[in-house]
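Chains as they are written, first to last, in our numbering: chain A, 1 to 339; chain B, 1 to 250.
Simulated from the structure, these hints should not be mistaken for lab results.
Be careful, since some hints might not be right.
[To be verified] What the simulated footprint calls covered on chain A by chain B, stretch by stretch (three residues with Cβ under 8 angstroms from a Cβ of chain B suffice, anywhere in the stretch; the number is not a length):
{"#": "1", "region": "167-181"}
{"#": "2", "region": "184-190"}
{"#": "3", "region": "199-213"}
Note that beta-carbon positions come from the ideal geometry of N, C-alpha and C, so glycine has one too.
Now for the letters of each chain:
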Amino acid sequence: MTGRRALLVASAAAAAALAAAVPSLGLPQYYISLLTQTWIFGIAAMSLDLLVGFTGLVSFAQAAFFGTSAYMIAVLATQYHLVAFWPALGIALGTTAALAALFGLLALRGEGVTFIIITLALNEIVWGLAYQWVSVSGGDNGIAGFIRPPVFGLDLSGTAAFYRFTLAALLVCLALLAAIVRSPFGLVLRGVRDRPRRMAALGYAVQAFRYAAFVIAAVFTGVAGVLFAYYNEFVGPVNLSLDTAVQVLIMVILGGVGTLLGPLAGAAVVVFVSNALSNLTQRWELILGAIYVAILLFARDGLVGIGHRVMRVLGAAARGAGPAARPVMSPPPGGRGEP
Amino acid sequence: MTSVPRLAVRDLTVRFGSLVALDHVSLAVARGERRGIIGPNGAGKSTLFNAIAGEVAPSAGGVVLDGRDITRLPPHRRASLGMARTFQTTMLCPRLTVLENVILSLAALRPVRRQFLVPLGRYRGLRDEAQSLLGEVGLDGKAAWPVRMLGHGEQRQVEILLALAQRPAVLLLDEPTAGLAVEDAARVTAMLRERSRDATIVLIEHDMEFVFDVVERITVLHYGRIVAEGTPEEIRAHETVREIYLGATL
Numbered sequence: 001m002t003g004r005r006a007l008l009v010a011s012a013a014a015a016a017a018l019a020a021a022v023p024s025l026g027l028p029q030y031y032i033s034l035l036t037q038t039w040i041f042g043i044a045a046m047s048l049d050l051l052v053g054f055t056g057l058v059s060f061a062q063a064a065f066f067g068t069s070a071y072m073i074a075v076l077a078t079q080y081h082l083v084a085f086w087p088a089l090g091i092a093l094g095t096t097a098a099l100a101a102l103f104g105l106l107a108l109r110g111e112g113v114t115f116i117i118i119t120l121a122l123n124e125i126v127w128g129l130a131y132q133w134v135s136v137s138g139g140d141n142g143i144a145g146f147i148r149p150p151v152f153g154l155d156l157s158g159t160a161a162f163y164r165f166t167l168a169a170l171l172v173c174l175a176l177l178a179a180i181v182r183s184p185f186g187l188v189l190r191g192v193r194d195r196p197r198r199m200a201a202l203g204y205a206v207q208a209f210r211y212a213a214f215v216i217a218a219v220f221t222g223v224a225g226v227l228f229a230y231y232n233e234f235v236g237p238v239n240l241s242l243d244t245a246v247q248v249l250i251m252v253i254l255g256g257v258g259t260l261l262g263p264l265a266g267a268a269v270v271v272f273v274s275n276a277l278s279n280l281t282q283r284w285e286l287i288l289g290a291i292y293v294a295i296l297l298f299a300r301d302g303l304v305g306i307g308h309r310v311m312r313v314l315g316a317a318a319r320g321a322g323p324a325a326r327p328v329m330s331p332p333p334g335g336r337g338e339p
Numbered sequence: 001m002t003s004v005p006r007l008a009v010r011d012l013t014v015r016f017g018s019l020v021a022l023d024h025v026s027l028a029v030a031r032g033e034r035r036g037i038i039g040p041n042g043a044g045k046s047t048l049f050n051a052i053a054g055e056v057a058p059s060a061g062g063v064v065l066d067g068r069d070i071t072r073l074p075p076h077r078r079a080s081l082g083m084a085r086t087f088q089t090t091m092l093c094p095r096l097t098v099l100e101n102v103i104l105s106l107a108a109l110r111p112v113r114r115q116f117l118v119p120l121g122r123y124r125g126l127r128d129e130a131q132s133l134l135g136e137v138g139l140d141g142k143a144a145w146p147v148r149m150l151g152h153g154e155q156r157q158v159e160i161l162l163a164l165a166q167r168p169a170v171l172l173l174d175e176p177t178a179g180l181a182v183e184d185a186a187r188v189t190a191m192l193r194e195r196s197r198d199a200t201i202v203l204i205e206h207d208m209e210f211v212f213d214v215v216e217r218i219t220v221l222h223y224g225r226i227v228a229e230g231t232p233e234e235i236r237a238h239e240t241v242r243e244i245y246l247g248a249t250l
């Protein structure tokens with residue numbers, strides 16, 4: 001067990017080191033930009049996974065939180081001349097948290113499909129506001145005219161520097177989210193996901209836990225929004241559109257619900273495939289849709305599920321070859337579907 | 001009439017539309033008493049149970065725990081006042097392990113439930129406590145199994161263990177042996193006998209033998225009303241009850 005864990009930590013560190021070295025490998029800037037986008041949307045997808053995969057809440061309001069913090073950065077910089085990174089980040093995330101605190105109260109009045117519909121409607125309200133409140137948001141034109149501020153004295157204007165910065169942000173968010181998921185609080189969320197009635201009978205204030213998860217996920221999504229505003233040095237209504245909400249949800253489902261790292265992989269696939277396809281054909285969305293449907297039909301547990309299956313086949317092959325089979329001490333080999 | 005009953009139901013009426021599921025039901029369960037509630041299907045047993053647990057809001061009347069009116073309290077607040085329940089159809093978190101299910105029961109009423117950022121594994125005491133509870137019912141070997149891989153009888157045991165783990169003042173049992181094979185039912189009965197000595201128990205059961213064995217007093221519901229109440233012997237001999245259960249061996 002400890003050996004496995006050490007292996008896990010080592011491979012995670014190796015992956016992070018490799019990712020950090022990417023800009024020095026001589027890759028075209030285009031790919032570095034795509035990876036930067038992957039890290040940004042990876043944060044958004046992982047935080048949505050906290051809701052979908054660990055709490056059992058499917059929210060379409062994530063774009064509202066993503067876009068709100070992105071717009072806050074732009075508005076603060078262009079209209080209030082507040083460009084310093086940390087204060088701007090604090091205000092953007094604070095606003096997002098406040099919005100989530102309000103939206104959570106409204107959305108959690110419904111369960112299941114009702115919850116989904118309310119989050120969808122709330123997202124549309126925020127989108128409509130950005131689209132029509134031209135004096136603040138610039139309407140359809142969005143807001144440009146702000147640049148990446150230095151952080152800790154580091155100049156982030158270059159592609160490589162900003163790439164490393166988003167990677168660092170991703171790793172911090174991943175560490176925090178992983179800690180939350182593995183904590184007692186995280187276990188309660190999974191209990192709420194599986195059997196809310198049982199959890200209430202045990203003494204858990206189920207709605208309060210859902211609410212907390214909703215706000216936490218919104219704040220992490222806000223981090224992604226801030227990074228995206230700086231990445232583009234532009235914000236527009238598309239940042240808070242339903243398209244964005246759906247895209248992040250697809251990343252989560254594609255990667256594997258309830259796995260944290262899966263949605264990060266899902267983000268990579270969506271970012272790279274949609275860019276590659278849009279270079280090839282005008283009808284790239286059609287092809288992308290077909291790919292999603294195929295993955296969901298043939299691998300309902302997403303990329304992580306495919307990975308598990310490959311590992312299992314390899315493991316079985318290895319066991320067949322050598323006598324030193326791993327002693328089966330606990331659960332019988334999985335493979336049974338969800339109840 | 002010296003002491004306040006542990007649990008009292010006062011004039012409880014529950015209507016679903018025009019259907020009266022419970023009609024002015026009153027009962028008082030003394031501290032440490034084991035009370036059985038029986039009645040044919042549709043008598044209102046489950047509704048009464050859910051009203052006591054807080055899942056069904058009564059149309060009139062109330063529920064009193066230790067002299068305190070809890071009629072308006074949600075289920076989780078009742079749990080924090082010492083009420084625990086089991087469900088008729090096993091209600092465990094299927095994707096969590098057996099151990100995690102027990103930990104959730106133990107953590108429910110402790111501040112640790114709000115701890116985030118600190119890994120669960122750091123709380124050794126909680127884990128050991130859950131593990132030893134599982135050991136006492138012979139399930140420690142399967143602690144790391146996802147619950148859904150347990151057999152029906154074992155899930156039932158875990159279901160009851162979750163309620164017992166909280167050392168509740170009032171334990172509500174909804175057909176604890178329903179659908180169990182004879183030996184599994186015996187195991188569950190033994191577990192309840194051994195581990196619930198201080199708890200006040202309210203038990204719904206279809207299995208007559210089981211009720212007469214385990215409880216001290218029985219309340220009989222029929223069409224949402226109490227038709228009889230007394231010791232198992234009295235109920236066995238009761239004229240109306242015999243009529244209701246015509247054909248059943250009492």
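Outcome of the hint check:
1. Counting residues of the region 167-181 of chain A whose CB lies closer than 8 angstroms to any CB of chain B gives 3, which reaches the minimum of 3, so the coverage claim holds.
2. Only residues whose beta carbon comes within less than 8 angstroms of a beta carbon in chain B count, and the region 184-190 of chain A has 6; three or more means the coverage holds.
3. By the rule of at least three residues with a Cβ nearer than 8 angstroms to a Cβ of chain B, the coverage given for the region 199-213 of chain A holds, with 8 such residues.
Against the hints set out earlier in the document, no violation occurs for any number.
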